[in-house]
Amino acid sequence: MPTYLIQFAQFHEEFRLPELESLATIEKVQINYNHEEYKVESPFLQVEIASDGEAAKLVKRAILIKSVYELWGTGITHDELQVSVRKHPERWLQYKNKSFKFSVFAFGATCTAEHQIEVIESFSWLGFDGDIVLRNPQVEFVVVEDFGIETPGGKPKPKAERLYMGKLVAHGSRDLVQKYNLKKRKYLGNTSMDAELSLVMANQALATPGKIVYDPFVGTGSFLFTCAHFGAFTMGSDIDGRQIRGKGYLFALMPLGQSSIKSNVEQYNLRDKVLDTLVFDVCHNPWRKGTWFDAIVTAPYGVRAGAKKLGRKSTSKLPQEMRIYEGEPMHLCAGSSPCRLRIIYNSHRRTDYYPPTKPYEMSEVLVDLLEFAVQHLNIGGRLVYWLPTVTDEYSNSDVPQHPSMRLVSNSEQNFGAWSRRLITMEKLRAWDPTERATIDVTHRGGKSDAVALKIERDLSLRKERKREGNGKDTEKKQLGHYAFREKYFGGFSRDDKALRSASPSPSGSTPYNSANLTPAPTSISPHLTQQTTANETTSSSQSSTVLENGTISDIHIATEAVLVQSMEMPAGSIKVHGPDFNRDLSLHELLSSFNTMGFQASALGKAIDIVNKMVGSASFDRSWRLSDEPIRSDDPEHLQVFTTRASVKCKIFLGYTSNLVSSGMREVIRFLAEHNMVDVIVTTAGGIEEDFIKCLGPTYLGEFSFKGAELRKKGLNRIGNLLVPNDNYCKFEDWVVPILDKMLEEQKAKGTIWTPSTMIHRLGLEINDPSSIYYWCARNDIPVYCPAITDGSLGDMIYFHSYKNPGLVIDIAADIRNINNTAVFARKTGMIIMGGGVVKHHICNANLMRNGADYAVYINTAQEFDGSDAGARPDEAVSWGKIKMDAESVKVYAEATLVFPLIVAETFAREYHEERKRMAKAEEMVEK
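Each residue of the sequence shown is one higher than the last, beginning at 1 in full-length UniProt numbering.
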């Protein structure tokens, strides 16, 4: 079989091979590779696969695979690589006349442009005669230089460890990580699972269309969405319905009732795949007997809240007095039929009743989960779950086993003192009731039936044993996940300090640092001196401090009142960090740092990212093209051609108010029009006329403090701190009125129907000045819509003209049809809107006709408290259907002249200049 090179992502290295094997099972693709050649330090692996088609199938839903290449040659040096490629001309001769692209990249080092050109030129003997196409070529050739991981000190290695040359076959689906990114999810909890690992779990579970996947500890539902994405029907349950229903503002910052698992189902459009969520204890579940689940995917550990099941704690006291319900003893109510019916009826009415629960120790959870899986999984079905362990105490035999199940994989995600392991098991045969799940504890003193394994949950009993044993731990040999929650909150120390609580309540106890899981520094008054020796043997409820005057004070009074325990940050949370001016930063480096700076800098950083996705910047991997989507039955013939589909990008609507054209922003907008970078422009009458007026006379810089009365006397008009002489408007009238006369003549003679957009197009042709925005719009056929064209000096000219030469008709309805149709027939749309009012609403309303835009960036300084259009955030537009629920959107609260030039510099302009450099290099290579 041909050999292919798989390029993994250099993340979650222990998970990569299990996912690869699972993908091969899902797609029924035979793969062969040498397990000994796989190294976690390298993202490359050579695999034998039958064909390109099979290789593409293998990686099409891969999360930890970036790309797969047909391998043509390999070597230690470039000379060896050349020799290796020359041995098999049949591999490359078939592409001699295809359009192509040649790429060179390195892992563990940086490839300079000069080095890339040198490597590409060294393969000129291949003699490819096809066109060089940098975007969407028919074939892409790749040379990969693997330098391995960095040496200590971060110094690059002098030469590559291995070189590869081949042809790109397909990319994986790492873009899904961004789609399900927790930062973009409407409803979150502190147990929400990282999107990347959730998707990997869906692959490990073999989630495919038609399968039923169940999560018995569903929490906020992360696994329901990722498994459903791949076509499976999903459902989940939890003993605590509050996580399913949501908690309003706590996590998602949405109004109460609009933040829940259902919010995310709507966000990801998975209504037909996520069947339901239920509230019950999985230990006392209502499922019918038999096998009907194809996979069980879950994270069964409850570190923060603690796993629980129905029942009373062994230490709880039963009530001594008779319990009365509705005037009758409750034990008698069960005896007579009418009373029993009443109790049953009232049980549905008593919303204030919560059944008692007791702690559910991790070892017991895992064994029960395994027993449940054996009884309810179909043969061949998979159990995929997370096992938390203390790193130093873990052994492979800690994983519960069952004769009917086989262990498929055991992958570790290490966090230092603790780790979590993704366990994947597969059901081999039907359940035998005589067989039971077991944990091999021979390394800890013998083999034990895990179902019957006695698990002590109360940490105080362990402390009592320590005291009896003169401080020596009598439980040195224990499972790596035993009492994990207590160890987690104890900082994984072998000594249970008095200031550490075994089961910290949400409102109090010692705060913990979520980064290293050790007790965070406690801010105590310098007048307090902690007791140490005595308190180390005192239960946490009796932890105390001694004031200098000898007064005893309970430290938990302080912690409960002030030092509330920190909530664990969700996976993928970004740390705040600003730019480092000790380095000579480029503009690109400075703006890249904005994402992590906070406040409006982060909003600006997000706006740059969103605009880059609209533009289809090469800086973003997997930028959207219509060719990324399957051909629809209603696609016209020209859109069924790959090259045409590959040229279809997001349609960009740009809106701005007149004052921005009066300012120097005019040149920024003109750049976009000159190079055909936007598809539709919407502005005000002032936004049209101020551009033409600047071609006829300059606008000057003044001061905000200039007095209006004085300026009026001098014939100057003030726009903020800009000054426009009255003479400019006189020149505009002299220029525009003759054009209006010509338009009227054409209307009478030829039956021309003028609209605001065709009128602006005509004025753009007439101005004949390259400094004008609309000069370029006319030449590039960019439609410019002005729904309030009469609201300005241009409207005054139309008014005066109607007296001198009446009859000119401007058809507004035609423009409404045109802009709406542009939005409706676009496959993806993006909105960039500066300011508000009619411009903002006109663009948003057009996108309403297509059920919302895919991307949106607002820039203005308005607040939403007064209900103004400018102040409305993108989320308000979502409620109207003007922006899609799963769209990427942001509002930057800033004055547009400050931030929009920066956005353009880092998006449109950067892509323009990068493309020019690429074309120059390509032309240089062709000439050589």
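The hints are simulated quantities; they were obtained by calculation from the structure and are not laboratory data. The C-beta atom is built at its ideal place from N, Cα and C for all residues, glycine as well. Keep in mind that the hints are not guaranteed to be accurate.
[Claimed, not checked] In silico SDA-like pairs for lysine to any residue, Cα to Cα no more than 20 Å straight-line:
(1) K651 with H284
(2) K309 with N269
(3) K358 with G241
(4) K66 with G108
(5) K179 with N821
(6) K60 with G708
(7) K651 with W624
(8) K179 with K262
(9) K262 with H284
(10) K39 with K57
(11) K96 with Q82
(12) K211 with L270
(13) K184 with V878
(14) K649 with P630
(15) K157 with A113
(16) K179 with N595
(17) K575 with F11
(18) K159 with H115
(19) K649 with N821
(20) K179 with T208
(21) K96 with P18
(22) K184 with G881
[To be verified] DEER-style ranges, computed between Cβ atoms:
(23) L134 with E36: 55 to 63 Å
(24) I810 with E114: 51 to 59 Å
(25) D272 with D634: 15 to 23 Å
(26) S592 with I76: 32 to 40 Å
(27) K804 with G720: 31 to 39 Å
(Q) Please verify whether K96 and P18 have alpha carbons no more than 20 Å apart. (A) Roughly 38 Å between the alpha carbons, so the hint for K96 and P18 is violated.
**Q.** Holds or violated: K184 to V878, with C-alpha atoms at most 20 Å apart
**A.** Holds, at about 14 Å.
Q: For the pair supplied as a hint, K60 and G708, confirm whether the alpha-carbon distance does not exceed 20 Å.
A: Distance of about 65 Å is beyond 20 Å: violated.
(Q) So if I understand the rule, the pair passes when the alpha-carbon distance is 20 Å or less; does K649 with N821 pass? (A) With a Cα-Cα distance of about 17 Å, the restraint between K649 and N821 holds, given a limit of 20 Å.
Q. Holds or violated: are the alpha carbons of K358 and G241 at most 20 Å from each other?
A. Holds, at about 16 Å.
(Q) Can you confirm whether the C-alpha distance between K179 and T208 stays at or below 20 Å? (A) Distance of about 19 Å is within 20 Å: holds.
**Q.** C-beta pair D272, D634: status relative to the range 15 to 23 Å that was hinted
**A.** Since the Cβ atoms of D272 and D634 sit about 21 Å apart, the hinted range of 15 to 23 Å holds.
**Q.** Distance restraint between K39 and K57, which requires alpha-carbon spacing of 20 Å or less
**A.** Not satisfied, since the Cα-Cα distance of roughly 24 Å exceeds 20 Å.
Q.
Please verify whether K179 and N821 have alpha carbons no more than 20 Å apart.
A. Roughly 28 Å between the alpha carbons, so the hint for K179 and N821 is violated.
**Q.** Restraint status (C-alpha distance of K96 to Q82 at most 20 Å)
**A.** holds, 17 Å
Q. Taking only the CA atoms, is the gap from K309 to N269 under or equal to 20 Å?
A. violated, 33 Å
(Q) Against the 20 Å threshold, does the CA-CA distance of K651 and W624 hold or violate the hint? (A) holds, 11 Å
Of the hints listed earlier, those the structure fails to meet are numbers 1, 2, 5, 6, 9, 10, 21, 23, in rising order.
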